[in-house]
Amino acid sequence: MARGTPRVIDAPPRGLLRGRGLRDEEFRRKVSVTPWAPALEYGWDAGLAIGRFLDGLQDGRIFGVRCRQCGRIVTPPRAFCELDFKPMDEWVELSDTGTVNTFSICYVTWDMKPLKRPQIPAVIEIDGTSPRVGFLHLLGGVPGRTVEAIRAEISVGMPVRAVWKKPRDRTGAITDILHFAPSGRRR
Amino acid sequence: MTGKIRRRVAVVGAGMSMFVRRALETGRELSYYAAHQALESAGVRLADIGAVTMATAPDAFDGVHMKGEWLLDGAGGARKPYLRAYVGGGSGVFSIISGWTMVASGLFDLVLVVAEEKMSSCQPHPQGAFLTIFDHTIERPLGPNLLWIFSLEQQRYMQTYGIRNEDIALVSVKNKRNALDHPAAQVAANLTVADVLASDVVAWPVHRLMVSPISDGAAAIVLASETVARRLTDHPVWVQGVGWALDTSYWGNRDLSYPRYVEVAARMAYEMAGVTEPRKQIHLAEPYDPFAYKELHHLEGLQLADKGKAPEDLAAGRFDRTGELPVCPSGGLMGVGNPIAAAGLMKLCELFWQLRGEAGARQVAGNPERGVAQAWGDLMQIGTVAVLGVH
Amino acid sequence: MSDRVAIVGVGTTPLRTLSPDQSYREMTFAAASRAYADAGVSHRDVDSFVSVCEDFHEGTSITDEYVPDQLGAVLRPVQTIAGDGLAGVATALMLIRSGIAAVVAVEAHAKTSNILRHDQVLEMGLDPVYERPLRLNPHYVAAMDMRRYLHDSGRSEAAVADVVVENRRRALHNPIAAYGAVLTPADVMASAPISDPLRELEVSPYADGAVVLVLAGEDAAAAAPRPVWIRGIGWISESSPLAMRDWGAAAYAALAADMAYRMADLSDPAREIAFAEVDDTYAYKQWQHIDAARLAPGGGASRVVVNPSGGSLGMGYCYDASALYRTAEAVRQIRGEAGRNQVPDATTGLVISWRGIPTQTGGALVLGDH
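Protein sequences appear in the order of chains A, B and C.
Using our numbering, read the first sequence as starting at 1 and increasing by one per residue.
Using our numbering, read the second sequence as starting at 1 and increasing by one per residue.
Using our numbering, read the third sequence as starting at 1 and increasing by one per residue.
Extracted from the complex, chain A is given alone in its bound form:
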C-alpha cells in the first residue's frame, strides 16, 4: 500500500533493504515456478478414549469422562486428566444438549472464496460437563444469510440441541452430529 513515489524514510532498517516483491502477473507468467502436489496420507489411531467416543456417536450418544481427583467432567473424553496427570476412567453418558460459548459467521472458504451460505462455527458446552469445557462444532437450522439475520437467531449462552445424521448414515465420526440447532427448533 505504500506505493507511488518512494519517499526516503529516515528510520531503521537503514541501508540497502533487500527482497523483491512480485506482482500477480509477474508471478503467473514471468518467473520460474516449480509446482509440486504432495500426496501425503495418514491413518491416525483414535486410541482408547476417542475410539469409545466415536463409537458412542455412531449410536447417537455423547460420552464424557470424569476425573476422580479434580472432579472435572469433560467431552470429548480423554484417557488421562491433563491437569492431575493421572488416568481418567469414569465414563458418563451426557445429553445431546448444550449452550453456545461463542460463535462466528464465516463468509469465505479457506482459500478466500466467497460462500453463498455462511458457515456458523461455534464452541458448544454440553450440559453436564464442567464449566468452560467446550468443543468445536457447527450451528445450523438457522434461517437467514446476513449477519443481522443470523444474530437475531443466535446468541452467546443460547441453548442448543444436536441434530444427528440418520443412524444408517453414521460412521463413528464427529460429523455424525450434523450440527447443533437452537433448542425447540427442528430442521
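There may be inaccurate statements among the hints.
[To be verified] Using 20 Å as the maximum straight-line C-alpha spacing, the simulated EDC-like pairs for lysine to aspartate or glutamate come out as follows:
{"#": "1", "chain 1": "B", "residue 1": "K4", "chain 2": "C", "residue 2": "E218"}
{"#": "2", "chain 1": "A", "residue 1": "K86", "chain 2": "C", "residue 2": "D47"}
{"#": "3", "chain 1": "B", "residue 1": "K309", "chain 2": "B", "residue 2": "D255"}
{"#": "4", "chain 1": "B", "residue 1": "K4", "chain 2": "C", "residue 2": "D47"}
{"#": "5", "chain 1": "A", "residue 1": "K116", "chain 2": "B", "residue 2": "D200"}
{"#": "6", "chain 1": "A", "residue 1": "K86", "chain 2": "C", "residue 2": "D45"}
{"#": "7", "chain 1": "B", "residue 1": "K4", "chain 2": "C", "residue 2": "D219"}
{"#": "8", "chain 1": "B", "residue 1": "K4", "chain 2": "B", "residue 2": "E226"}
{"#": "9", "chain 1": "B", "residue 1": "K4", "chain 2": "C", "residue 2": "D3"}
{"#": "10", "chain 1": "A", "residue 1": "K113", "chain 2": "B", "residue 2": "D200"}
Please keep in mind that the hints were generated in silico from the structure rather than gathered at the bench.
Based on the hints, put chains B and C in the right spot on chain A.
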C-alpha cells in the same frame, strides 16, 4: 526455576529483509539478507558465530519437510550447531529465548538468531497450511479454517466486555499509520475506522482490514555474552527477562476472552527482569497483532491494561507512538506485514533500535529504557515474551 | 554455578510395528508417567519441557501445539525442537545450565504406522526445484552415500551385512525391541535391492513408540536414585543441498563428536568409551559413524561395543524418537540395567545420532556414571 541466571545476554545487532506479499527470492535468500545485515550491524563475521538458531513456522508453507534443514545455508548454519525451535506463531519471539538460552548457558558467546517465512509458495492460498492444525479426528472433518478460531475468540472477547468493532478497528488504523515510517513495510496506510469497518466481513466479527496480510520476509539479530557485548558496542541492549507458556491443546476448554498463557509467560519474564510494576517500568510494547483485536487481548495478558479495558486506553491515545505507553511503534503485523516467524523477530529488532535511540522517524520520545515484545500462536495457546532494556 | 547435568529418569513404551489401541497422546502419557516415576518426580516438579517432532511425521501443521497435555505441562514452559533428538537433549542441558530450569523433560514419539506414504514424506524433504523432480525413491540418497563411503573406507558390503545380523540378534534380548531375529549374512545379501548397493534388510524397519527423558542439574540430581551424567554434547548441521555435500564422509558426526569429546575432556575415545549407540538407520551408517567418531582408529574393528541395544535395525526406526530411544538405552547400560545385553564396566557411553535422509545433521552425547 532456580532463580539464579548464569550470565547476562545482550542484543548487539539486528537486520531484516523487505516484507512483501510474494518475494522473488527463496526462503534461503531472504534469510541471508536478514542474517547478513544483522552480522554487519553487530560488527561480527559468520566465523565468529558459535551457534545458530532458526525460527520458521509451518513446513507446509514452503512445501518442504524439515524445512529448517533446507534453509540453514541462508541462515549461516552450515557446519555449526544449528537448531530450529518451532512453536507456531510464537516462534518469532521464541527465537530470542532460544538464542538467549544458548548464550546464558555458557556454551556459546555469540549466537545468530534468524527468523524466516515464505508463505507465498503455498498455493492456492497459504491458509491451506492451517487446515491441518486442527485435531485430525474431532475437528478436521468439520472443515474448519483459520479464520474460525480468530473470529470465535474475538466474538468471545467482545461479548464478555461489551467491546465494539469500532474500538478494535482503531488498532488497524494506528498500526498501519505507524508503519508508514517503516522502510520494510508491506501494508502501511492512512486509514480511518470507517474504512476498516467498510471492508467486507470475512468471518464475523472480523473484517478484512482487521487481518494482517500474507507475507514473505526474514529478520535476524545477534546475541552476545556480556564480556563480548561490551567489546562490540557501547550500547548493548540486554535481554532482561524471558518467559513462555503453552496452554492446553483443548482450546475449547479455555476462557477465550483472556489469554492467560500470555500472563503466565509475562510474569515469568517480568520476574527475571525484576519488573514489579509493568505499567510504570515498561516504556514501550510490541505485542503480537496478527488480527486487530489481538493487540488489545495481548496487552491485557501482558498486564499493561485492565481486563476488557485495553480498547478504552487505545481510544484515549495512551498507546499512540506519542502516548504514555507506545504500542507497536513499528507498525506491527497489521502495518509491516506478517511473515509469521519473521514478524515476531521484527518486533525485537524494533525494541533494539528504539532502546538505542536509533529508531529515527519511529523513535518513541523520552529515552525509553525498557520494552517488552510478545508473540503468540499454535491453537491460540502459546505466549512467548521477552523484556529488553538498556541496563 | 555447577555445569553438571544428569539424566535422572527414563520412560519408554515398547517399540511395536502397530499400536492401534493407543493414540499418540495415550502413548506419550505412558512414557511420561514411566519417566517421572523413574526420576521420582511428579509432573509439577518439572520446570521446562522440550519436545522433538516434525509436522509431516504427524500429519499436523504446528504439531507442537499438541504437546503439553500428555506431559502434564499445561500452562508451563514448553518448546519444540524441529530437529535432531540430541538437539532436544542439548536444549534441555542449556536450559539447566542457564539457571532458568532445574528439571527438564525431553520427549519424542512416533506413530510411523499412521504414515501411509512414507516415500512421499521422504520426498518432501528433498529440494523441490533441484532434487524432487528426479522422482527417484528417496533411499537413493543413502545408497549413493553408502557407495562413496565403502569406496573411501575400504569397508566391504559383507561388513555391512554383519551389522544387520548382529543388531537383529541383540534385539532378541532387548525387551522393548520390535525386530529381534536370527539372520545370516546370506539372508541380508539376498534381500531385495532398494537402490544399489542398498538392500532391503539394511534399511531399519519402522516402529511406533514414545520416549521421555528427565534431566536435572546437580542439586536436583542429588536426590534422584540413579543419575547418569552428561559429560559432553555436540550437534552439527552441514549444508543441505545434495550438490554441496561431502559424500561418504559424515562430517557432521565427526564435528559433533569432537564438540562432545572436548566438553567431556576425552582425548582417546576409542579407549575411554565402553560402548556406543550409533545411528544405524541404514546399516552402512553404523560403520560410517564409528569411523567419524574415531572409535576404530586404523579402520578395522572397534574395541567399543557398538549398539548393544540392537540399534534401529533391531529395535525399529522411529524418526524423531530414535535418538532419544538410543539415549534411553545408553542410560540403562550405564545403570547396569541392560540385562542380557549388558556391557561389562559400562561406565562411559556415547550416542551418535542422525536426522535421516536427506539431512546432514546429527549429534553426539557422552554419558558417564560420575
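Now the hints, each set against the structure:
1. B:K4 to C:E218: 14 Å, holds
2. A:K86 to C:D47: The hint holds at about 19 Å.
3. B:K309 to B:D255: 17 Å, holds
4. B:K4 to C:D47: 14 Å, holds
5. A:K116 to B:D200: Between K116 of chain A and D200 of chain B the Cα gap is close to 14 Å, so the pair holds against 20 Å.
6. A:K86 to C:D45: It holds: about 15 Å lies between the C-alpha atoms, which stays within 20 Å.
7. B:K4 to C:D219: With a Cα-Cα distance of about 13 Å, the restraint between K4 of chain B and D219 of chain C holds, given a limit of 20 Å.
8. B:K4 to B:E226: 16 Å, holds
9. B:K4 to C:D3: 13 Å, holds
10. A:K113 to B:D200: 12 Å, holds
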